[in-house]
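A.B. asks: Residues per chain are reported as follows:
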Amino acid sequence: MWRWLHPYAKPEVVYRLLGRWLPWVSIGAAAVLATGLVWGLAFAPADYQQGDSYRIIFVHVPTAMFSMSLYIAMAVAAFVGRVWQLKMADWALAAIAPIGIVFTFISLFTGAVWGKPMWGTWWEWDARLTSQLILFFLYIGVLALYHAFSDNRTGAKAAGILAMVGVINIPIIRYSVDWWNSLHQGATLTVFERPPMANSMLIPLLTCMLGFALLAGALVMQRMRNEILRQELRRPWVKMELQQGEQA
Amino acid sequence: MSTVLAVSHLASQRAGRTLFAELTFDLAQGEVLHIEGVNGAGKSTLLRSLVGLVQLQAGHITFFPEQPDLQQNWRAHTLFMGHKAGVKSELTALENVALQAQLCGVDNIDAWQLLETVGLLGLEDLPAGQLSAGQQRRIALTKLWYSNALLWILDEPFTALDTFGIELLQQKFAEHTANGGAIILTSHQQLTWQTERLKRLRIAGGDDAGY
Amino acid sequence: MQFESWQAFIEMGGYGFYVWLAFGVSFLALALVVVQGLRARSKLEQEFVKEQQRQLRLARRKQEVS
Amino acid sequence: MQATSWQALQAVMRRDLMVVMRRRSDVLNPLLFVLMVVTLFPLAVGPGPDILGRIAAGVIWVAALLSALLGSERLFREDYLDGTLEQLTLQPQPLALLAFGKVAVHWLLSGLPLVILAPLCALLLKLPLEGWSALVATLLVGTPILSAVTAIGAALTVSLGRGGALLSLLLLPLFIPLLIFASGAVEAALVGTEAWPQVLLLAGLSLLTLLLSPFAVAAAIRVSVN
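Residue numbers (this note's numbering), protein chains in the order written: chain B, 1 to 248; chain S, 1 to 211; chain X, 1 to 66; chain D, 1 to 226.
Just chain B, with the same shape it has in the complex (with noise of 0.2 angstroms):
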């Protein structure tokens, strides 16, 4: 038996690589996002149900729909760190799930903000905004074990077995609160079952995903150069790399 750790990725090399790509990826985002958000919020036309309250919706289905995606891409990172041993995507982890925290939060908050106008409450015990609050829950369960360990190492490690235990959870969790708001007859924010939206407001929401993705990018990666930079901190490449910087 035998056993081997190979630098399958290079801190250094992904550290420059993400190092080139996040300029162009922020203003990606920030362009993208700065279109979708005025389109939406003074071009797109007023709701004939819910009026302008409805524009909402330009942050809180983006958020709502990526706070999931970067919960799974945070599974999927432990599962690669776990199974081929790649340290970098243990680090993934540390740098995705603050980003996912932050974008539950807001879905959860414009998710309140939205149903008082609309239920009169500003908090409803609905299917998909119970099922928030415990992705939320899930969070921050990763992010206070991955704080817990002194040795950032150790933490991730341990944070990914978590995340992958939640990932498994959360289609059961789905599934429960589902049923269980069907036994109780909660409200139901009807806006997602409603009929195809029209152009007018699609294209802008569109726009809005896909500048909350660039969004989630370039802060994920972001992060990621951090957390290259502080388990690194006492390799020589390092010092070239930040030494350099501060010539120039």
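Honestly, I wouldn't trust all of these hints.
As the list claims (entries may be wrong) - Distance condition first, Cα-Cα at most 25 angstroms in a straight line; then the derived DMTMM-like pairs of lysine to aspartate or glutamate:
id : chain 1 : residue 1 : chain 2 : residue 2
1  : B       : Lys10     : S       : Glu22
2  : X       : Lys50     : B       : Asp151
3  : X       : Lys50     : B       : Asp126
4  : X       : Lys62     : S       : Glu36
5  : B       : Lys116    : X       : Glu11
By construction, these hints were calculated from the structure, which means they are not laboratory data.
Following the hints, complete the assembly by docking chains S, X and D onto the known chain B.
C.D. replies: Positioned in the frame of chain B, the structure of chains S, X and D alone reads:
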């Protein structure tokens, strides 16, 4: 005498600091490897990474390279003892020994005899929690008397033992190596037992070792 | 443009408070994440400088000894 | 020579049973905790049978979840401190199997007593008789999930020294489906519809959890002894 362990280009870090790098050595049957180094040099980390408790930064470890059947199941032929004794304080010395042996797959041991051998006569049915640290360690050390492991990896085996205990342990080491076993150990003490098959490995530790 | 005046845009057909609250808090949260990332970066750079100084001290000490 | 997997599993389970038998308070305290939580509710919401009966199943299940967290430390903490856990990871047998043995013993001494205690709690909370069988059935098939998932959390936090509050952050969200289906089953029984679909569903989840969780526990132990 065949090789029991071949290690090449081993490297390890803790908290971003290099403990050792490019560590290469091997060990044959009948040999003893004494790993030396100051506190924090990474002796324990080295031993723990050999058996897979700590993840390696780089390097290859091959157990029993010349005996494929042993290599397949190297864990069964390797015995590791860390700083902690692995003795349950609620259970008596006797119960501890019996359960330990069962876990190793040895069922025909005379636990009473073993405990007498390691100097715990008359303490057999006291809860281990009432015994001293050295006595608890002796309970754990009974493993050496019945284990069939070829390679012993012992982290500070002499800790908490009195001179009689240390003497006894060294006799056991001599017996093990004479029977074709091999030992890797860390200790701040010099061995009083003389053997020409003693190898020494010094880990400098800290940043000196790296790059 | 859907709205006739700035005033109408701010009012959002009576839902202004909710819409702007949702957008405001969302972008505040995002801004905080960005700022936190940037601060973490500069903290790492400081730590790097400290580490360089520590190594320098070690190297100097070694020279004195030898 | 090497122990067969079965021998090793037996040794692990025997050791845990023997240790707990010398520290019976570890078994008793979580049960007493459940009993006390159950006592608190009538005092807090009033002793009327209508309201108590309605919330009884939920209260008992929430108390069970909390008591599982309370008793979770003893799963691995002692083993971690005295070095037993380290030795287990070095056994030639699969660690997941040994972890399963520990979870099984933990269930035997925390889940099973809870099932036996449930009728008493139901009595105290004036749960109508129709709900009793559903409550006991959900506890019987649900508590293994409780033990198995708790073990994952306990293994992840064992090296931290201060598990408590962190552990509840990690685990309580994962218990939500269990809580929903279990109290849903009792509620179904109370309104006169069939409870067995939920009980069967819980049984399925239980099997799935028992099958998968040992691997997560094993991975978590390996991270923790690092």
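A.B. asks: Each hint should be assessed against the structure and marked as holding or not.
C.D. replies: To see whether the hints hold, each was checked on the structure:
no.: 1; hint: Lys10(B) / Glu22(S); in the structure: holds, 19 angstroms
no.: 2; hint: Lys50(X) / Asp151(B); in the structure: holds, 19 angstroms
no.: 3; hint: Lys50(X) / Asp126(B); in the structure: violated, 52 angstroms
no.: 4; hint: Lys62(X) / Glu36(S); in the structure: holds, 22 angstroms
no.: 5; hint: Lys116(B) / Glu11(X); in the structure: holds, 16 angstroms
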